[in-house]
Structures are given as C-alpha cells and as structure tokens.
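Enquirer: Okay, here's what each chain looks like letter by letter:
2 protein chains.
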Amino acid sequence: MKIEIITVGDEILIGQIIDTNSAWMAAELTRQGFETVAITTVGDQEEDMAKAIDTGFSRADVLLMTGGVGPTRDDITKKTLCNYFRTELIFNEKVFRQINRLFAHKNYPMNELTKNQAFVPKGCTVIQNRVGTAPLLWFEQRSHILVSMPGVPFEMKTAVTTEIIPRLKKRFLSVDYLKSSFLVSGITESSLAILLEDFEATLPGNFSLAYLPSYGLIRLRLSARGKENLPEMRFQEKKLREVLCDFLVADSDEPLEALLGEALRKEKLTLSTAESCTGGNIAHRITLVPGASEYYKGTVVSYDNRVKISLLEVSNQAIETYGAVSREVVEQMAQNVSEKMKTDCSIAVSGIAGPDGGTPEKPVGTVWICTRMHRETVTKKYQFGTSREENINRTTNMAILQMIKMLDKYKNKKDAN
Amino acid sequence: MKIEIITVGDEILIGQIIDTNSAWMAAELTRQGFETVAITTVGDQEEDMAKAIDTGFSRADVLLMTGGVGPTRDDITKKTLCNYFRTELIFNEKVFRQINRLFAHKNYPMNELTKNQAFVPKGCTVIQNRVGTAPLLWFEQRSHILVSMPGVPFEMKTAVTTEIIPRLKKRFLSVDYLKSSFLVSGITESSLAILLEDFEATLPGNFSLAYLPSYGLIRLRLSARGKENLPEMRFQEKKLREVLCDFLVADSDEPLEALLGEALRKEKLTLSTAESCTGGNIAHRITLVPGASEYYKGTVVSYDNRVKISLLEVSNQAIETYGAVSREVVEQMAQNVSEKMKTDCSIAVSGIAGPDGGTPEKPVGTVWICTRMHRETVTKKYQFGTSREENINRTTNMAILQMIKMLDKYKNKKDAN
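Chains as they are written, first to last, in the working numbering: chain L, 616 to 1032; chain D, 616 to 1032.
Please note that the accuracy of each hint is not assured.
Because identical chains share one entry, a pair is satisfied inside a single copy or across any pair of copies.
To be verified - Below, simulated EDC-like cross-link-like pairs (lysine to aspartate or glutamate); rule was C-alpha separation at most 20 Å, straight line: (1) Lys772 to Glu1004; (2) Lys694 to Glu815; (3) Lys730 to Glu812; (4) Lys955 to Glu928; (5) Lys1020 to Asp1030; (6) Lys617 to Glu661; (7) Lys1020 to Asp676; (8) Lys617 to Glu877; (9) Lys772 to Glu1005; (10) Lys694 to Asp669; (11) Lys957 to Glu928; (12) Lys666 to Asp676; (13) Lys694 to Glu812; (14) Lys794 to Asp625; (15) Lys1020 to Glu869; (16) Lys784 to Glu650; (17) Lys794 to Asp659; (18) Lys853 to Asp866; (19) Lys957 to Glu882; (20) Lys617 to Asp659; (21) Lys617 to Glu662.
Simulated from the structure, these hints should not be mistaken for laboratory data.
Hey, can you work out the whole structure from these sequences and the hints?
Expert: Next comes the structure, spelled out in structure tokens:
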C-alpha cells in the first residue's frame, strides 16, 4: 500500500512557511510501517487540488490531505472534494455538538462561519476531530482512499495518531521499516562511495544505502522493509562498520552535540568554549541538548580582538605577531577559557567566516580549532568555503567532532590501562 | 509562466529531513515575481521521477529540480534525465576543470566518481556550479524547461540566485509580486485576527493577508500581483499600519537581528551580550548578519553560576539572595558585560529553559531580560512555555526586540531634541 501526502496552502507556495507537517507525517507513517511515495503541495485553487488528487491516485492508494478546511472564505477543500466526488454538503448533528462543546469549553462565542463546519460531504465517513472544529473526512472510491484533515499541526498530529493510522492498520498490512544510521567524517562523499563500492555491490537488492552529507559530515542510512530482514540487517551493519573503520564517528542518528554530551557525562568531565568566527553557534548547539548544564559551563564569544585580550587574556603580542586567526591565539583561548571556567575540557575556534575579512594568506574560510583536555591540546587548521553560513556550520561541526575524538582517545586509553 | 519545484530524495519521504530547500526557493521565486504552482517530493526511483516530471510539465512551464545529483550510486537524477530526454552522457572539459579547481582549493584528492560528475547529458545547457562539483543542467523541450541542480542548500541557493533567476528573467515576463511585511508583537494571533476583522473584510479581493506567527512574533504579509495595484497597496498599507498601531514593530521582512544591526550601525553604537538560558543563541543570531563585527563585540555565556561570578563578576550575594534567575542578577550581568567589553549597549538574559530546573516560584519558562544603554536599563520578566526549544527561541526574540525598542526610543528622543 502506498501513501501520498497532499498539502493545500498558498502560504507554502510563496515560501512563507516551511511544510513541517508533511515531514512529521512522513516520519510517523514510516515508523508505523507505511510507505510514503510522494509529497505534493498545491495552492488554494479548486483546479489545482483536483489535478493533485488525480495524480495522487495514479501513484498511491491512500491520499492524506491537510489544509484548507478552516471556516474562512479562502478555505475551499470541502467544496473541492464535494465536486470531485460528485456529492453535496449535508448538516451533521454530531459534528455540530462537538463544535459547541469545544466553543463552550474555551468560552468562545458561536458564529455562522463556525456553524458551517458542521456541513459535511454526503457519503463520506465523518470522523470527529477531538481537538478542533473541522472534522476529518474519509472518502473511498473503488480501491482508493482520500482523507482530508486540518493543517493546524496539533490537530493534524492528533488526527493521524489517534484516528488515521489505527484505521489504516486495520485495513492494510504495515511492513516494518528497518533503519540504521552511521555518522561518518574525514572523507568526501565521492571517496566514501569508492570505499563502499564493494559493500554496495553485494548489498541485497531489497536493502538501500543513502548518503546525507551535511557541513563536513556524512550520515549513511542503511534501510530495508520487513521484519524478516532483521538478521540480514545486523549482518550488513557489521560489515559496514568494518569497512568504515576509522571514518565512523558513531552508529547513531543523534546530533553531534548530543554525542558530545553523552561522552562528557559518561566520563564526568566538564566543558567550556571560546568562540570567535562561530559567534556563539557552538555554545548554542551544545545547549540545545536538555541537561547540558550538567557538563557545560559557558562560552566567551570574542568577536572583537579586544575582548580576546580583556576577557580571555590572550596576549596582545600573540595577536600582533600571528594574527587573531592562528594556532597561537586559539591555543591561548582554549587554555585560558578552561582555566577561567575551571573545566576539564575546552574548545576554541578562530577563523574568517566571510564574506569580508579575508587576505591572500588567510582567505575567507580559514579556521583554527583547538580542543583541550587536562592540559593536552589538539590544534588543527581547516580551510572551508566562501559562504558565511557554511563556514559557521562547518566550523561548529568540526570543532564538536574534534572534541568527541579527543574524548574517545581518552576513554580508550583509560580502558586500556 | 508557472513554476513547479520538484525535490528528489527518500530522506524527505521517510521524514528524516524537512524540505527547507523548497520553502527557500518558493520565497525567492515569489520575491522575484514568479509564481510557484506546486511543490512535489518523490523518492530516488527513476519511475517516480519520470512521473513527477510528466505531471509537472502538465501544470507548469518550468520545473526546478533539486537533489539526486551527487557522485554516489543512490543519486540517479542524471541517469533519469538522460532517459527522459532520450540522450546520453558526454564528457565536459569545462566542468572537469571546475571540479579540479574546487578539489585543489580544498586539498581533496581527485577520484573516479568525482570525475564522473563531469559527464553531462548531451544536448542540455550545462551551467557551472560555482561552489560544488555537480553542474546545473538546463533542458528545454518544446516550450518547457527543466533545470536540475544540487540539493545541498548553499549550492542550490547560489545556483538559484546567480544563474537560474537571471536566466528566467531574460526569458519570461515576471509579474510583479507586491508584498508588504509587518512585524507585530505583544498580541496573540487570534486577538490580532479580531483586531483586523474590519480591515480584512474591506480588503479588495485580489489582495491577501497572511499570518505567520513565530516564537512571540507575528509576521503579517499583505500581497497582490501586478504593478497596477501599487497605489491600492500603498493605501492598504497605511490603513493596516494605523490599525496595528503600537503592536507594529517594523514594516520589514528582515530578520529581527538584521533590524537590530541596522539600528546600531545607524547610531554608531556597540553591543555586547551576557547569556544564560539562551546558551549563545542570541550571539549566534546577531552574528548571522554579515558585518556584525562592526557593532557586536561578543558574549559571555554563563551556563554555570560560577562563571557568572568569575567572568561576569556578578555578586555571589545577589545570586544567593535572589537566585540566578532574577532582576538583580540580569541587571548586574548587563552592566558588567558592557563595562568589560566596553560597549554602549548590552543585553543580558537569565531563565529556565527546561525541561528540568523549574520550581513552584520559578517554573520552566521563567525568563528575566535586561537591556542596557548608556547606563539606562529596561528589565522585564517573561513567562514562556514548557518546551526547551520554544523557550530558547522566544527568549532570543524578545531580548533582541527589547533592545530594538530601547534604541527606537533613544533615536526618537534624540530626534526630538
């Protein structure tokens, strides 16, 4: 059974909002063993919606449609579906009572526009919306199903989890989706593909391997459908791990900052950071992890060299001799921030994010990263790209990764003793 | 001329990533006067892609396709397009030289798979990718155009702004998209809808007003197509401004941090920040703006109270008496950071982001924000929600907004004198 998600809304087509509904729905359907074959967004025009339904039915068995079901003038999904399925609107007493209950509970006054929500297409199955006024409409035509539901995220999520997925499960066979993620670094996408050539060539046909590169990292996703493939999955995972060898950072789908947090927590170590070109992004990423205050003490962002001198006590001489973007300066930053914040570990970065500030010797994208732990330091120079956004994100990833690797070595050494 | 965006990638269909590329592209196309009629996502299968292209050509004149153009085996866009347009791959010397340049610059070794990127479909126009290895492929068939480009966000963005939009503009008439944005704060979405009831009821039918709420702010977008509507647009803008009155923060579509940067630059003022619960996100947002180093000096993120004491010299007594999340502590943070970093203005925040750390008196979501300028301070307490991500983002928005308002008052006072 194949599913297509159809989102209705001009606001997506003009780029005013990002369609996070479809992403959530796709993830949930996958988790529940269903396959999404397409996601389509069209505007609030009857003709476009009808065409999308036609196309959808030609490639999927079930269409899950969100949006355009509000009480206002510009919401035309209900009318379009009436015309598409050649039916008419009739008053539904049960829906009306539900709307009344909701409005009474929130102390909202009832009005004509809202009453209209109780008119539903004749012949479709009407499913109560437990948390909103627009009911879910379930249409069947020959072997095809179309479900219309609200686009309000909270209402859509409630509808999908409590009503739609249970009904689809009763009706169709769901097939378990098996997935393993591997975080890889230190290799370009194409070199990785060459490294994995034999692995991919011998991978069973019902397995797939996908590459998701992101700012200096590559996530590999090995996947297959069907519980019966679990032993083969385990076997392939093991094989893949062996081939990836030193390029493998983690077999996990966790963000890098969560992996760092886990490693610090396990070893009961604390961390501070000193940032220049990343402007606080490393601290931001680290503190996105709930409970980060357990191991993370803080950062100094020295966007101005004078702040490097006054707050981080980097020597004026080092800045004058080597420049702010240099091995000497990041090492001083790392040492001083860990001493000032009394942490076991520290990360310091200094670089040129761009678009301005580059020189022939230090072009935009030049970045020094120093990671420090118990007086030991690892300092590396990187050459990233010309885009400010890219440089900030790549520096952040590489800095966190460099710290994770340092912690790994520490742990291995400790375990060996 | 109508455009459809087609995104290729299983990772979107399983909900592993959110399709932010399409949203960005749709926004940019709209801004440039083009109309997007549909956005479609299909997986990395030739049959699905071919079907999506067929459907696309039946409703749009131009298909902008992203994804599936990497060097790895799971990237099959190029092969699919060859089959679709009945052509074959040929070696392109210019593309190969560009790849070589890129690899040399980044110090990557060249390999066979990357060389393959230089094989392009015969008969299509090949456009250099200035920032990556996969070239842009421009196909024409009768009156239809299909452009294939990489899915890597910054490569896609570079391609769209520097190559694709200029070429579309040469070829097609763009119909001016008139748009005004209004940044609103201090009112809920539903209260705003009630406030704007009369305005919306009398808005001409070819105009639309959209609401985009985001972390304590609401962006309103008033729009219409066609230059001839410009006088009416100006009239409606004026009306809307009057109704919005004090809730209006700015008539601009710029991010809040860019508005702050503009205000500081105009008044030649400098800024520093001291963050606790936002963990560096305020600094990160401020430094996303190119040229921020002109006015922004840095931040101290004191995730640990001892860092508040050691680096920010907040008095131990204030923390013990009032707690870290208090008026007294944020005011000291703001004062001390501006003195240490020698800035005219400063922002300090302290709060409980959650999910843990709340108490009955200070539940999760309690945040104090102090903005300071030339010894004057504004200090406010906010009560946000229970989600960590929401609290970090709302605090960041409200802190930047509070600073913008302070600068506004300063400017008005100065202008009045």
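Enquirer: Run the structure past the numbered hints and jot down the numbers of the failing ones, going up.
Expert: The structure breaks hints 7 and 8; every other hint is satisfied.
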